[in-house]
Amino acid sequence: MKLSSKWMQLAALAVLVAVLPLFFPSGYYYRVGALIFVNGLAVTGLVILIGYAGQISLGHAGFAGIGGYACALAPAHLGLPPSLSILLGAVISAVLAVLIGKPILRLRGYYLAVATLGFGILVSMVLTNERALTGGPDGMAVQGLALRKILRGWGWKLSSGEFWYILSALAMLVGVWIALNLFQSATGRAMRALHGSEVAARTVGIDVARLKLQAFVISAVYASVAGSLLALQNQFVTPDIAGFMHSIEMVTMAVLGGVGSVLGAVTGSAILTLLPQVLTVFAEYEQLVLGLVMILVMIFLPRGLLPSIAAKLKGRGE
Amino acid sequence: MKLLMTTAVSALVVLGTTAAMADIKLGASLSASGPAAFLGDPEAKTIEMMVEQINEAGGINGEKIDLVLYDDGGDPNKARTFATRLVEDDEVVAIIGGSTTGTTMSILSVAEDAEVPFISLAGAIQIIDPVHKWVFKTPHTDRMACEKIFSDMQQKGITKIGMISGTDGFGASMQAQCKDVAPKYAIEILSDETYGPQDADMTPQLTKIRNTDGVQAILNPGFGQGPAIVTRNKAQLGIDLPLYESHGVASDGFIELAGAAAAEGVRLPGTALLVAAILPDSDPQKPVVTAYKTAYEAKYGETVSTFGGYAHDAVDLMTNAMKTGGSDPAAIRDALEATQGYVGTTGIYSFSPEDHLGLDLSAFKMLEIRDGGWTLID
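Quick note, the sequences are listed as chains C and S, same order. Residue numbers for the first sequence follow the working numbering, beginning at 1 and rising by one. Residue numbers for the second sequence follow the working numbering, beginning at 1 and rising by one.
Please note that a few of the clues may not be correct.
[What the hints assert, rightly or not] When the alpha-carbon atoms are kept at most 27 Å apart in a straight line, the in silico DSS-like pairs for lysine-lysine are as follows:
1) K149/C with K323/S
2) K286/S with K208/S
3) K314/C with K6/C
4) K157/C with K64/S
5) K293/S with K133/S
6) K133/S with K160/S
[As the list claims (entries may be wrong)] Beta-carbon label-pair distances, calculated as ranges:
7) Y300/S with E198/C: 42 to 52 Å
8) E115/S with Y285/C: 49 to 59 Å
9) T280/C with H132/S: 40 to 50 Å
10) W156/C with E115/S: 20 to 30 Å
11) Y285/C with E56/S: 24 to 34 Å
[Stated by the list, open to error] Negatives, chain S to chain C, calculated, CB over 12 Å:
12) L69
13) G73
14) R85
15) T101
16) M105
17) V110
18) Q126
19) F170
20) G171
21) K208
22) K299
23) T303
24) D334
Everything labelled a hint here was simulated from the structure, so no lab data went into it. By construction, the Cβ of each residue, glycine as well, lies at the ideal position given by its N, Cα and C atoms.
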């Protein structure tokens with residue numbers, strides 16, 4: 001039963017992703033779709049950290065920045081192909097996550113939030129100030145992915161938008177699949193126990209420190225890969241990618257959609273990516289509407305959009 | 001799931017209805033809000049004003065301009081999405097925009113892929129060097145500002161300088177360009193200091209420069225309040241060296257911030273727009289800058305800025321190209337590249353296949369602050 005629910009969720013998402021382009025009136029929607037998927041991937045990582053393990057991070061854009069700049073710097077300085085640079089970025093992010101996670105994951109609540117915030121700001125400052133290497137605040141160009149050319153060689157001519165729609169969708173689906181698997185696994189159950197009560201989890205023999213670190217590292221890799229995909233897609237990267245606002249945006253997407261649920265997180269990233277595009281008509285009120293939507297969701301659907309609504313539909317109420 | 005679908009579908013419906021009818025569609029993505037609003041806000045206002053003026057005067061070859069303007073908030077990622085939207089969904093024939101180098105570089109590859117002419121309003125040299133077929137820009141590069149300053153130093157016999165730069169995008173880019181081009185003018189940079197965009201006191205850096213042997217002048221690549229603080233601190237420390245500021249602070253606001261006494265004798269490269277009133281009548285730019293200044297200040301009740309001037313020139317260049325080339329993107333691009341001797345607020349533009357900036361050093365006027373006002377040096 002449980003297992004089928006996992007496959008149901010994944011299949012529904014896959015079908016949606018595959019069917020949506022049929023309704024696209026122009027190539028622009030592929031770009032929006034690709035952005036939703038890239039954000040969805042990063043936010044899925046946060047669901048593992050925040051929703052499963054109950055730890056907070058306000059610095060995950062730092063990892064996105066590392067992933068993004070790995071794709072800019074490694075091809076330029078090391079001659080590494082962009083596809084391998086994604087891997088390199090993920091490895092660097094994972095190692096960094098272990099190094100900084102060990103000391104700061106001893107902290108809880110606000111203290112952990114502030115420590116991760118500090119990490120994010122540090123990465124952003126390094127990217128801004130190390131001009132000789134990173135091009136400073138003006139950013140730097142990123143080579144395109146060779147895959148698109150290879151596909152073209154095989155007679156599969158995709159526009160940049162279509163290509164990135166497909167690639168980001170696949171990346172997100174893989175990310176979602178892993179997250180859903182984790183949820184059911186022993187590790188996932190232990191993480192949720194940790195979320196429920198750290199003391200109780202420790203009492204039943206769960207290695208709390210190790211588990212927190214695992215969740216932190218996994219989510220860091222998600223953010224890093226998402227950052228890489230964003231940089232490759234934009235063919236340009238600036239320190240904004242590691243900025244404080246980007247961290248906040250990711251957490252907001254997760255919380256809005258429903259931080260305990262992977263599909264909720266994807267919904268959250270879809271809404272927060274779409275809203276600014278829809279609201280360009282009332283540009284002056286954009287921030288106002290965004291804020292209002294968030295306040296309303298938090299008051300009336302405190303568990304996040306998707307889980308709250310799902311619970312209501314099942315008649316269990318809030 | 002249903003919810004996701006409904007959200008997505010309803011979003012598509014809303015987005016779909018924004019597509020408007022015929023006319024010539026001109027797209028713009030500017031940083032009208034956010035950290036780069038000092039650039040994007042006057043640019044957006046200028047473009048809106050000019051499109052209104054053109055339409056009131058009957059449009060271009062009888063066709064009205066339909067302006068589609070988005071605010072990217074200075075976020076390169078958003079700028080790219082809006083550029084994609086302009087090209088794919090709004091189907092514009094030309095794009096103006098990219099208030100910052102970051103947003104411009106994100107729009108650049110979209111314009112190139114879609115083969116739509118694009119005029120950027122950002123400073124960095126990498127936008128037009130190497131030349132991209134569909135990409136032009138109106139602001140002079142930081143490098144040219146450095147060259148203008150260095151050539152003035154050369155005339156005064158200055159060969160050894162100290163530099164104090166902001167670490168923001170503007171200051172960082174200009175610092176790098178100045179260091180790069182200094183040897184060409186036999187200028188030696190003996191001291192190279194920096195300050196953060198939020199710093200409120202630059203006396204340590206200035207003291208360090210003062211204590212460096214042989215420094216003959218100070219150059220301050222920076223934007224915003226930083227240069228005003230540098231100017232004030234330098235006066236407070238009684239450092240008796242000529243001070244050069246960047247084109248980024250060429251406004252009356254700078255003199256107010258720094259104080260007329262401290263700013264006395266400061267030199268900087270500026271555009272004709274800032275000194276419209278004191279330009280000699282023989283200056284070819286005088287009618288253009290006066291007309292723009294008068295119209296803008298009457299409409300918005302605020303002083304014109306160099307940045308609005310960049311947008312003014314971009315709209316003029318683009319619409320002139322539409323007049324000769326028609327409304328086909330490729331024809332507009334060709335007409336744009338063929339532009340010769342267009343007199344704008346920033347300078348006199350002559351494009352060529354090898355030069356998509358079309359300005360030379362003469363676009364800059366060397367200005368000196370005297371008695372709280374501007375004086376033309378050359």
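Results of checking the hints against the structure:
no., hint, verdict
1, K149/C with K323/S, "violated, 38 Å"
2, K286/S with K208/S, "violated, 42 Å"
3, K314/C with K6/C, "holds, 18 Å"
4, K157/C with K64/S, "violated, 37 Å"
5, K293/S with K133/S, "violated, 32 Å"
6, K133/S with K160/S, "violated, 40 Å"
7, Y300/S with E198/C: 42 to 52 Å, "violated, 58 Å"
8, E115/S with Y285/C: 49 to 59 Å, "violated, 35 Å"
9, T280/C with H132/S: 40 to 50 Å, "violated, 27 Å"
10, W156/C with E115/S: 20 to 30 Å, "holds, 22 Å"
11, Y285/C with E56/S: 24 to 34 Å, "holds, 28 Å"
12, L69, "violated, 9 Å"
13, G73, "violated, 9 Å"
14, R85, "violated, 5 Å"
15, T101, "violated, 4 Å"
16, M105, "violated, 5 Å"
17, V110, "violated, 8 Å"
18, Q126, "violated, 8 Å"
19, F170, "violated, 8 Å"
20, G171, "violated, 9 Å"
21, K208, "holds, 19 Å"
22, K299, "holds, 18 Å"
23, T303, "holds, 23 Å"
24, D334, "holds, 25 Å"
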